[in-house]
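Peer 1: Can you build the whole structure from these sequences, using the hints too?
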Amino acid sequence: MRIEDHPILGKVERGRKITLKVDGEPVMAFEGETIAAALIASGQRVFRYTEKRVEPRGVFCALGRCTDCVMTVDGQPNVRTCVTPARDGMIIQMQGTPDQRETALDAGEGEG
Amino acid sequence: MKGNDLVICRCEEITRADIEEVISQGVTRMNEVKRLTRAGMGLCQGKTCGRLVAGILARETGQSLQELKPSTSRPPTRVLTLGVLAGSKPDND
Amino acid sequence: MNQTRKKEGVRTTGIPSKEELEASPGYPSYEALTRGPIVVIECVQDIPCNPCESICPKGAIRVGNPITRLPVFYPEECDGCGNCIPICPGQAIFRVDINHAEDKATVSFPYEYLPLPKKNDIVQGVNRTGEAVCEAEVLRVQKPRKFAQTTVITVAVPKELAMEVRSIKRLKRME
Amino acid sequence: MGKTEIAVVGGGAAGMTAAIESARAGAQVTIIDENEQPGGQLFKQIHKFFGSGVHRAGTRGVQIGRDLLREAEEAGVQTRLNTVVYGIFPDKRLGLICGDHTEELASEIIILATGANENALSFPGWTLPGVMGAGATQTLININRVLPGRRILMVGAGNVGLIVSYQLLQAGADVIAVIEGLSYIGGYGVHASKIRRAGVPILTGFTVLRAEGKESVERAVIAQVDEKWQPISGSEEVLEVETICLAVGLSPLSELAWMAGCRFSFLPALGGWVPAHDENMQCNLPGIYVAGDLAGIEEASTAMEEGRLAGLAAAESLGYLPPEEGRKRKEELRNRLAALRIGSFGEGRATAKKKLMRAMCEK
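Chains as they are written, first to last, in this note's numbering: chain A, 1 to 112; chain B, 1 to 93; chain C, 1 to 175; chain D, 1 to 363.
Errors might be hidden in some of the hints.
[Said to hold, decoys possible] DSS-like cross-link-like pairs, simulated, lysine-lysine; straight-line CA separation at most 25 Å:
1) C:Lys169 x A:Lys11
2) C:Lys159 x C:Lys146
3) C:Lys119 x C:Lys172
4) D:Lys355 x C:Lys7
5) C:Lys172 x A:Lys11
6) C:Lys18 x C:Lys169
7) C:Lys143 x C:Lys119
8) D:Lys330 x A:Lys52
9) C:Lys143 x C:Lys118
10) B:Lys69 x D:Lys354
11) C:Lys169 x C:Lys118
12) D:Lys330 x D:Lys354
13) C:Lys119 x A:Lys11
14) C:Lys58 x C:Lys118
15) C:Lys104 x A:Lys11
16) C:Lys58 x C:Lys143
17) D:Lys355 x B:Lys69
18) C:Lys143 x A:Lys11
19) C:Lys104 x C:Lys159
20) C:Lys159 x C:Lys18
21) C:Lys169 x C:Lys104
22) D:Lys330 x D:Lys355
23) B:Lys69 x D:Lys92
24) A:Lys11 x C:Lys146
25) C:Lys118 x C:Lys172
Since the hints were made in silico from the structure, they are not lab data.
Peer 2: And the structure:
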C-alpha cells in the first residue's frame, strides 16, 4: 500500500519503474526505494523464516539494525532489505523457507 | 504459547527459558548470559534484546538495573564479513 | 471499547476536562464569547512552547518567562488574523464566533488530513472525543503557505455546540 | 589513514548541529553516517516542533533537516555516508567500514552523536511480521511512503506513540487504539487530544497480551493490568489489527561510548545508561564529546542545542574561538537548553542531567 498523496509531504516523487524478481515472481518497484518498501507495497509481509524455529519474520526496525528483514539479494545472503535500495533486475530470495528446509533435509537424509 | 517459550533474542532465537536456565545455574552478569546463551550475539549484536535480557536478569536475581552493566561492547559494532576485513588495505591494481 | 474506570482530565483521557479548560488563561469565559469572534486556547499543560506568542502581530497572546507558562489571551488586542491557529504545534488553538447567525456559530480549527473538504460541503462536526455530534457546513478552507501545510477550516455548527465541536470527521480517501 | 580535526559520529539532529558549529568556527569537520542520507530521524519528524523561536518552534522537523543539510554544506562540513564506525581505538582513531573495505580515520576530537535505539516489548507473537517499532513505522510511512497495514494498534502513549499514531492517520491508516500500561498518558496532552479528536481511543492501564496470526499479525489481544502490571482476568479484548507498533521508549545507542571507555551513569529519566559529561558535553575522556539522544533521551530540539554546544566547545578547545566569545555563546546555548528542561515534562530530565554532570567529578 503506497502513500501517493500526503497532507504534509505532498505528492510523492519516485524513481523510474523497475522490476525485481522475488522468489521467482516479478515485483514492481521504483528505483531508489528500499527493497523492503517495494515488498511491503506489493503486500509481502514475511521476509524470511528463522533457522531454528522456522518462524516467519518481517520488517521490525526499518533502520538496518535488527536484521529481521534480511534476504538473499543477487546471491548474497543476509542483505538488510530495509536499507538496501532496489535496482532493476535484482534477484531476491527468502531465506530459510519451510520448502528450502525440507529440500535440505531430504538431501541430508539421502546422504546418510 | 507459554511465557517461558517466549523468544527474547530474536536473532539467535534464545528463549526466556534458556536465559532463566543459566540464571538458575548462578549467572548474575550480562556478559555471562550472553556468553552462555548466545542471546545478543546475533546479527544485531543485542540491540533489540539487551534491555529485555537485563530486565529478566534483574527480576530473577533481585538486582537493580543499575547494577547490571550492558555486556561489553567490542569492535565491530556491526557484523563484518571476512571479505570486508580482507579488503582493509584496498589495493589499486 | 469501554473505559471501565472513571477517569477525567488530559493526563488520563487525552482530553482536557471542563475544569482544566476553565482554569486555563487562554480559554474564554462565556461572557467573552458573547462579545464577538474570539480565540480559544485549549493549552492546559506546562509544555515549553511559545510560538503563539511570537506569531501574534498584536501581542494578544502572552506566554512570558518561563516559556512553560500557559498562554494568556487578551481579546481586546486581537485583530482576528488567525495566525495562531496553524502555528500551534499542539493544534490547541481554535476560533469561535457564537454570533455568526441566529442559531449558528462558527468554529475554526487546524486540519492536516487528506482529502480536504470544499467550501459549502456539509460534513460531520466532531467533538473532542471524535464523536460526530452535528452537521457542519464548511465556510472556509484556508491553506496559508507560510504555515507549512496546515489548513485552517471554518465550519458553521449549531450555536449550542460552539464549545464542543473541535474538528470534522475525516473524509474517506479516494484511491 | 585519513585525518580530520573533528570527527562527528552520526549525522542526525545532534551530529549535524555539532558539525555546523565546529566548521563555522573554522575547524576541519567530518561527519560519518551509516545511512545513504544524513539527517538521522529529522526527515521523518513531519510534525511541528515545540519550544520557542531560537529552537525553531512551529517548524516541522523535516524542514529543519533540510536547512541543516544546507548549513552543513555551506559551512564546509565533510560528510562520509554509507560508512559505519565499527570501532573506536586509542588516540581517537575510528575504524570505518566503507562498502567493501575498512579504513581508519585519525582525529583530534570525536563527537559521538549516535542517537538512540527503540526499546522492545516481548509478548507471545511479538516476532510475527506486523509487529514493529513505532520508529520503524514512521520510517515506512514518511520516508518510504508505504503503509505497513491499514489497521494499527499502538502500544505506548508517550510522545512517540502519540505522534506516530497521528502520522499514521495522516498517511491514511486507521489507528484502532493506543494502549498504555501506565495509568496515565506520558506524552503531551495536546498530542493525545489531536488523535482523540480523530476518534482514536487511548486506553491507559492496558497491555498487549499476545499477537495472533498464522504468518503475520491478524489480531491483538489486550488486557487491563493491575497496579503490579499483572493482567486482570476477564478484561481481555480482541482487536482486529494487522500491525502492532511498539512505542515503549528509547535507549541511548552507546556501544561506541562504552568501547571508548566513557564513564556511564544509570538514569531512567534519560533512558538508562548514559555517558557522563560536563557542561561542555565532554566526557571523562578528554577530547571525546557526546550529544543528543546518546547523552540522554530527550527531544530533537534539545539534541540540536546539545549538538551546537558540543561543536562549539570542541572548536574552542582547538583554539578556534576567542575565549570571551566562546564563553558567551556557550552560556547562551546552555540557557536555551535549560528553557527546554522546565515544567512537569522537563524537570526530571534537568535533575538527571545535573546528576550526570556530578558523575564527572566522581572517582
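Peer 1: It remains to establish, for every hint, whether it holds in the given structure.
Peer 2: Now for the hints, and whether the structure bears them out:
Note on Lys169 (chain C) and Lys11 (chain A): the hinted pairing holds, with a Cα-Cα distance of about 23 Å set against a maximum of 25 Å. Between Lys159 (chain C) and Lys146 (chain C), the direct Cα distance comes to roughly 31 Å. Violation of the 25 Å bound is thereby established for this hinted pair. Under the criterion of a C-alpha separation no larger than 25 Å, the hint pairing Lys119 (chain C) with Lys172 (chain C) is consistent with the structure, at around 17 Å. The straight-line distance between the Cα atoms of Lys355 (chain D) and Lys7 (chain C) is roughly 35 Å, outside the 25 Å bound, and the hint therefore fails.
With a C-alpha separation of about 18 Å, the suggested pairing of Lys172 (chain C) with Lys11 (chain A) holds against the 25 Å cut-off. Pair hint Lys18 (chain C) plus Lys169 (chain C) holds up; C-alpha atoms about 22 Å apart against a cutoff of 25 Å. For the proposed pair Lys143 (chain C) and Lys119 (chain C), the alpha carbon gap of about 13 Å is at most 25 Å, so the pair holds. Between the alpha carbons of Lys330 (chain D) and Lys52 (chain A) the distance comes to roughly 54 Å, so the proposed pair goes past 25 Å and is violated.
With a C-alpha separation of about 12 Å, the suggested pairing of Lys143 (chain C) with Lys118 (chain C) holds against the 25 Å cut-off. Taken as a hint, the Lys69 (chain B) and Lys354 (chain D) pair is honoured in the structure, with Cα atoms around 21 Å apart against an allowance of 25 Å. Distance hint between Lys169 (chain C) and Lys118 (chain C) is fulfilled; the C-alpha atoms sit about 14 Å from each other, no more than 25 Å. For a cut-off of 25 Å, the pair hint linking Lys330 (chain D) to Lys354 (chain D) stands: about 17 Å separates their Cα positions.
This hinted pair checks out: Lys119 (chain C) and Lys11 (chain A) have alpha carbons roughly 22 Å apart, not beyond 25 Å. Note on Lys58 (chain C) and Lys118 (chain C): the hinted pairing is violated, with a Cα-Cα distance of about 31 Å set against a maximum of 25 Å. Proposed proximity of Lys104 (chain C) and Lys11 (chain A) is contradicted: the alpha carbons are some 37 Å apart, above 25 Å. Note on Lys58 (chain C) and Lys143 (chain C): the hinted pairing holds, with a Cα-Cα distance of about 22 Å set against a maximum of 25 Å.
Restraint check for Lys355 (chain D) and Lys69 (chain B): the C-alpha separation of about 18 Å stays at or below 25 Å, so the hint holds. For the proposed pair Lys143 (chain C) and Lys11 (chain A), the alpha carbon gap of about 16 Å is at most 25 Å, so the pair holds. For the suggested pair Lys104 (chain C) and Lys159 (chain C), the alpha carbons sit about 5 Å apart, so the restraint of at most 25 Å is met. Between Lys159 (chain C) and Lys18 (chain C), the direct Cα distance comes to roughly 18 Å. Compliance with the 25 Å bound is thereby established for this hinted pair.
The suggested pairing of Lys169 (chain C) with Lys104 (chain C) holds, with an alpha-carbon distance near 19 Å, which does not exceed 25 Å. A hinted pair counts as satisfied when its Cα atoms are at most 25 Å apart, and Lys330 (chain D) with Lys355 (chain D) qualifies at roughly 20 Å. This hinted pair checks out: Lys69 (chain B) and Lys92 (chain D) have alpha carbons roughly 24 Å apart, not beyond 25 Å. Only pairs whose Cα atoms come within 25 Å are accepted, and Lys11 (chain A) paired with Lys146 (chain C) is accepted, the gap being roughly 19 Å.
Taking the CA atoms of Lys118 (chain C) and Lys172 (chain C), the gap is about 14 Å. The hint holds against a cut of 25 Å.
Comparing the model with each numbered hint stated earlier shows that hints 2, 4, 8, 14 and 15 do not hold.
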